[in-house]
Amino acid sequence: MRLATWNVNSVKARLPRLLDWLAGTAPDVVCLQETKCPDGAFPATEVGELGYTVASHSDGRWNGVAVLSRVGLADVTVGFPGEPGFPEPEARAISATCGGLRVWSVYVPNGRTPDDPHYAYKLAWLAALRDALDTELANRAPLAVCGDFNVAPTDDDVWDPALFVNSTHVTPPERAALAALRDLGLSDVVPTPMKGPHPFTYWDYRAGMFHQNKGMRIDLVYASAPLARAVRSAYVDREARKGKGPSDHAPIVVDADLTPTVESF
DNA sequence: ATGTCCAAAAGTTTTGGA
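For the first sequence, our numbering assigns the number 890 to the initial residue and increments by one for each residue that follows.
There may be inaccurate statements among the hints.
[Stated by the list, open to error] Below, simulated DSS-like cross-link-like pairs (lysine-lysine); rule was C-alpha separation at most 30 Å, straight line:
(1) Lys1133 - Lys1103
(2) Lys1103 - Lys1084
(3) Lys1084 - Lys901
(4) Lys1131 - Lys901
(5) Lys901 - Lys1103
(6) Lys1133 - Lys1084
(7) Lys1131 - Lys1103
Please keep in mind that the hints were generated in silico from the structure rather than gathered at the bench. In this text the structure is predicted, and so the values were computed from the model without any measurement.
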């Protein structure tokens, strides 16, 4: 099983690159975030030609998440029980069962600044996600929660921690919210960087940040125990951040040998 | 230059969000 997650920053703007990347990387299951396409506008035909079935959740101009699978796509759930809104629930979570793996694609609210109402929304959203996953994990199936969490788990996950004092993405409450997810039994599948010591997944478009490797690790794969035991390797595909017209995020690719672990449960 | 990119409103430019 090859599982991937990628914040594409508009699936429409990224479509040529997405199709090339799917053909070259050949993931079995892909979680996408920030698809930014209106309901019904997901390019399902184009990805379908590469063998993928799509489940997408959209609310128009912003947000938007999707799951692509070529190993089956069943029991699709849009959002989750108790999901907070701003003020209405947004298109930030979708889950599906793909080839025996339960997969969640999540796009956690940004938070903007710690004194902004969006920050309280972010924390409430993460707390509600924790509760929903607690219920879902009770069935002990292999599960992956993939996406843009908009939180850097440690100071090593930002290029210069000193610059992030009083900023979102690194505050203790945000990191505690991630720890609460791990306390459910989810493991952080830390990918290998292709270059440098830090597996950054996001680099701002501005000021040559990618070129200088001034990035952040805010895209995460959280794996339940049966999946974590099956993981063989994981990497950040920084090649996908290069060249003309990239997303500001790079994909994470995880290879797992799921079958024996599934049978052990 | 708070530096870029995206989508949408109303357009050949501005705005909000990240």
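Hint by hint, here is what the structure shows:
A hinted pair counts as satisfied when its Cα atoms are at most 30 Å apart, and Lys1133 with Lys1103 qualifies at roughly 19 Å. Distance restraint check for Lys1103 and Lys1084: the Cα-Cα separation of roughly 12 Å lies within the 30 Å cut-off, and the hinted pair is therefore satisfied. Between Lys1084 and Lys901 the alpha-carbon distance is near 29 Å, which keeps this suggested pair within the 30 Å criterion. With a C-alpha separation of about 18 Å, the suggested pair Lys1131 and Lys901 falls inside the 30 Å cut-off, and the hint holds.
A hinted pair counts as satisfied when its Cα atoms are at most 30 Å apart, and Lys901 with Lys1103 qualifies at roughly 27 Å. With a C-alpha separation of about 20 Å, the suggested pairing of Lys1133 with Lys1084 holds against the 30 Å cut-off. At roughly 14 Å between alpha-carbon atoms, Lys1131 and Lys1103 fall within 30 Å of each other, so this suggested pair holds.
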